[in-house]
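S.K.: Just so you know, the sequences run in chain order C and X. Residues 5 to 332 (the numbering used here) make up the first sequence, in order. Residues 5 to 332 (the numbering used here) make up the second sequence, in order.
It is possible that part of the hints are untrue.
As the list claims (entries may be wrong) - Per the computed footprint, the stretches of chain C lying under chain X, defined by three or more beta-carbons under 8 Å from a beta-carbon of chain X, are: (1) 215-223; (2) 276-286; (3) 303-314.
Read the hints as simulated data drawn from the structure, not as lab findings. This structure is a prediction, so every number in the text was calculated from the model and none was measured. Just so it is clear, CB atoms sit at the ideal spot from N, CA and C, and this is done for glycine as well.
Number of protein chains: 2
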Amino acid sequence: MQRLLPSFAITLFLFGAGIAQATDIPDGMGPLPTAVPIPADNPMSAEKIELGKKLYFDPALSLSGNISCNSCHNLGNGGVDNQRFSIGHKWQRGGRNAPTVLNAALWESQFWDGRAPQLEDQAKGPPLNPVEMADISEKQLMTRLMRAGYEPLFGRVFGAHSLNYDNTAKAIAAFERTLLTPDAPFDLYATGKGSISNAAKRGMLKVDEIGCTSCHAGPLFTDNSFKRFAFGTDPGRKAVTGKDEDDHFFRVQSWRNVALTAPYFHDGSVDTLEQAVRIMAKIQLDTKLSDTDAYDIVEFLKTLTGKQPVVTYPVFPRPLGKALDFHD
Amino acid sequence: MQRLLPSFAITLFLFGAGIAQATDIPDGMGPLPTAVPIPADNPMSAEKIELGKKLYFDPALSLSGNISCNSCHNLGNGGVDNQRFSIGHKWQRGGRNAPTVLNAALWESQFWDGRAPQLEDQAKGPPLNPVEMADISEKQLMTRLMRAGYEPLFGRVFGAHSLNYDNTAKAIAAFERTLLTPDAPFDLYATGKGSISNAAKRGMLKVDEIGCTSCHAGPLFTDNSFKRFAFGTDPGRKAVTGKDEDDHFFRVQSWRNVALTAPYFHDGSVDTLEQAVRIMAKIQLDTKLSDTDAYDIVEFLKTLTGKQPVVTYPVFPRPLGKALDFHD
């Protein structure tokens with residue numbers, strides 16, 4: 005289903021190639037990958053990315069005209085909204101903490117329960133979710149985008165008569181594939197181009213020593229697997245598969261940019277990264293962290309905040325001199 | 005109170021100087037002014053504009069963490085939200101249609117009733133308005149901005165210990181003074197650099213002939229006065245002054261970018277620009293427009309949509325690994 009397109013990846017995503025590598029970093033850790041998997045049926049193009057950016061920021065995707073993708077996955081804000089549960093249509097709250105869009109192109113599945121294989125599938129969720137953007141149907145949403153004036157933009161990207169829900173998701177996914185955060189302090193350290201604090205170095209070794217990185221593995225600090233996390237009442241992946249063996253299973257979240265995405269966990273119930281680290285160590289590894297170890301690990305996690313994407317705010321198509329059909 | 009700073013204006017705002025002028029445009033009409041009045045106590049600087057941009061887009065200005073200035077004055081969207089009444093805290097609706105922020109730096113007063121003399125005053129309204137951003141007090145908001153990490157940014161712009169509500173408003177106002185929309189098709193036509201349709205030209209002459217431009221005067225297409233508009237139940241400026249003679253008086257709205265700001269009027273009750281034009285002609289000028297005249301005038305108004313500001317989406321300060329205190 006997916007293939008790497010190295011030439012495109014090099015054009016768009018080669019933010020820096022390391023040469024010298026720090027010698028003390030544990031096996032498996034490394035800088036953020038710069039090549040993004042591109043589905044064969046959704047090749048990237050500059051015009052598609054630009055269209056996807058408009059759609060990503062445009063509140064006209066919601067029934068009320070008040071909610072955009074960026075409302076909950078705010079690019080000024082680590083790709084999240086820092087809410088426990090996001091605020092949707094008519095101020096309804098969602099049931100899980102909004103994951104970051106940043107680097108999501110690098111995950112092997114989307115959502116806390118992994119129910120969407122890739123970004124295109126994920127993007128088709130929120131518009132029709134009654135507690136999120138609350139559109140009544142694909143048709144209603146497409147009619148609104150047509151009225152807004154999106155059709156010629158789709159035409160240039162996907163060909164004639166191409167304004168449809170699948171292509172909306174494809175364009176958004178293409179834009180999201182540009183939302184990488186390279187050159188985190190850890191990445192610069194790992195490639196010999198920068199330094200991190202001694203506390204962060206101790207934390208880096210500690211997460212390896214106690215076993216955090218058996219799941220939060222590799223340069224993404226997730227092995228993309230599902231693991232049981234016996235915390236809270238949410239059944240997690242069981243709600244998708246119906247299998248008891250998936251009860252309380254969740255996708256292992258990446259640590260990339262984790263210092264920006266408070267509050268923590270699938271239910272957003274934990275306000276600080278330090279507390280989240282302590283709970284994970286206790287529940288998953290039966291390890292009670294000392295104050296120093298907890299501090300050091302948090303300092304290490306802070307070094308995984310990368311350079312945030314530079315995005316020019318788009319101008320949306322709109323019908324001139326006419327209101328769109330927004331309502332509660 | 006205010007003075008022009010031509011050198012600054014030239015640096016930042018000189019988007020193009022016309023030479024040849026179209027000879028058929030009515031007296032008074034002309035391209036958008038490029039010099040913005042700057043209050044003596046709030047000089048512009050690049051750092052202040054950047055801080056103001058962060059504050060403008062940051063939903064941390066609201067009690068819920070869900071509403072930013074840009075929510076209702078969306079820069080992708082003509083500086084408005086295309087709602088009849090904006091959606092605020094807990095999905096409450098405001099009482100008047102949100103005016104555009106675009107070119108607002110050029111108006112002589114702010115709000116439909118003109119109750120704010122300048123942008124700094126306007127910016128201090130929404131955060132503390134219980135149906136908008138709903139902050140309980142200046143102190144609560146400042147505490148949140150402090151926790152978010154804004155203090156050093158204020159320090160660089162305003163000096164030590166300068167994180168306060170006045171300076172928040174000053175920074176936002178400085179950013180807003182950059183939000184001009186020059187080079188509308190009419191402006192290019194007026195300066196001999198472009199053309200407009202024959203219908204638009206007829207409309208341009210018609211608004212002069214029937215008297216629209218006695219109030220929608222000059223290059224801004226507003227004389228900044230207050231005029232009686234006997235439409236709807238809103239008492240307008242009377243609610244500010246308490247004077248019966250101000251009953252149903254509203255600020256004359258600029259026509260700049262009016263094709264982007266549907267729905268229309270202070271109560272957002274009119275969905276199309278054509279209908280708005282017909283109502284204004286009838287109520288204000290006792291003129292029943294022919295279909296052709298209404299069409300032509302709308303075509304002219306569409307030529308007043310300028311180049312929209314190019315804005316790089318900001319990254320907000322946030323406490324690393326800690327949630328902010330957002331709540332309903």
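S.K.: Against this structure, judge whether each hint is valid.
M.R.: Each hint tested on the structure:
1. 215-223: violated (count 0)
2. 276-286: Since three or more residues must qualify, the claim that chain X covers the segment 276-286 of chain C holds, with 3 doing so at under 8 Å.
3. 303-314: The restraint on the segment 303-314 of chain C holds, since 5 of its residues have a Cβ under 8 Å from chain X and three suffice.
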